[in-house]
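S.K.: Those sequence lines, one after another, are chains S and W. Position 76, counted from 1, in the first sequence is what this note's numbering calls 76; the numbers after and before it change by one each time, with no gaps. Position 47, counted from 1, in the second sequence is what this note's numbering calls 184; the numbers after and before it change by one each time, with no gaps.
Hints were generated in silico from the structure; no laboratory data involved. Model, not experiment: these values are computed from the prediction. Virtual Cβ for every residue (Gly too), placed ideally from N, Cα, C. Misleading hints may appear alongside valid ones.
[Stated by the list, open to error] Simulated pairs of lysine to any residue, SDA-like, Cα-Cα distance not exceeding 25 Å:
id, chain 1, residue 1, chain 2, residue 2
1, S, 26, W, 174
2, S, 3, S, 83
3, S, 131, S, 114
4, S, 131, S, 32
5, S, 3, W, 170
6, S, 26, W, 172
7, S, 105, S, 32
8, S, 26, W, 173
9, S, 105, W, 178
10, S, 80, W, 170
11, S, 3, S, 60
12, W, 201, W, 191
[Claimed, not checked] Residues from chain S shown here face chain W by an in silico Cβ test under 10 Å; the list is partial:
id, residue
13, 21
14, 52
15, 91
16, 96
17, 104
Here is what each chain is made of, one letter per residue.
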Amino acid sequence: MSKEIPIGVALIVCDRVITDAATQEKTLVGTFNQLQSVAFPSICPRMTVFVGVTNGRGTIETEIRCINESDNNSVVFGMKGMIPFNNPNDVIELAYQFNNITFPKPGMHSIQFLCERELVLQRRFQLIIFKPPTQPA
Amino acid sequence: MNAIAEQPPFYEKTDETDLSRRVKGEGSKLTVNYFQFYVTFPPPILDIPCVEMSDSELLIATEKAGTFDFLNSPEEDIYNDVLKKSE
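Chain W on its own, in the form it takes in the complex (with noise of 0.2 Å):
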């Protein structure tokens, strides 16, 4: 007759309040610390040839591209009343 099978059947009897103790674990707890870094490195520096535009090529251009058209429109002409006033 085989020996192991004659051998009963073994539980280890545990209860609720023994599991919960045994889930806590022991030892060192494992941590974790993190740490962030933002660097912005500045812009290259690359050689392109610029040639810096003068106050009256600035104005032109700012008319050109249509800077000053809002004095054209309606909405401005309660101005020109005030002027004609105080003249």
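Chain S on its own, in the form it takes in the complex (with noise of 0.2 Å):
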């Protein structure tokens, strides 16, 4: 019998997550779709991904990708390891900092959370070559 997989809730892309020191409340910060670079390959000194997770059963294998879906899924950039789950109440959130990511490629690109080595979250994201507008003569 195959272990039940979490349901996701939230998987959001921003800037950063700040957290209220008294009250332990996230406040997401500049969240954004579409990333723009005038050449390729291009360095993004900080992206966050929160992901909210809830519904699971005792350790659960995770792991959050990056892909360009416009080379072949390839992968830009990931990382896996292991959640604890009490009570399948629980909701379990997690604030991944990714700090000097090279994107290789523009195109869409798409951020996966898998739980088990199956798919619990996605959320697609643009990375384009930004072209300055030319001054008119």
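Hey, can you piece these two chains together into the complex? The hints should help.
M.R.: Here you go:
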């Protein structure tokens, strides 16, 4: 019998996540779904992926990865780990802050969150070449 | 006559103590666990041709950049007096 995988409740790409020291509430700053660069490979100084999942049982193997759909689903970056669920009603919130990400090529990218190697959440974002506006002669 | 209309209105009697017991709720507690990960990727290795400068070239470059210009400022003249006394 296959293990029941958690239910995804949120996957948000943003600049950073701030935690209130008093209430432990989270504030997501600078959400976006598109990145622009004048040249490639391009380096993104900071990108944070906020993930929320629930309905998990026991310790779940998870993976977050970013793939370039325009380049044969090549993996740009990612990481794996285990998350513990004490109760199926528990909500596990994860904030991955990636610094100095190198994007080799432009195109449609997708950030995927997998539990037990099954896709739970997915978010797309576009990486395009920035063309500065031409000034009139 | 409508039988429903004849029924007396029914209000559930509640007092404050009863209400406070209700709002507490029962069942499992909904907890949130938060995990934060910081990943810093190494800088990309790009094929940029580079030539290392020699010591003399570095010295010329620093002189031209004005690194030693502070020696010409009047505040540095006090050290000249110290040098003269030592001689």
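S.K.: Would you list, in rising numerical order, the hints stated earlier that this structure does not obey?
M.R.: Of the numbered hints, 3 and 13 do not hold.
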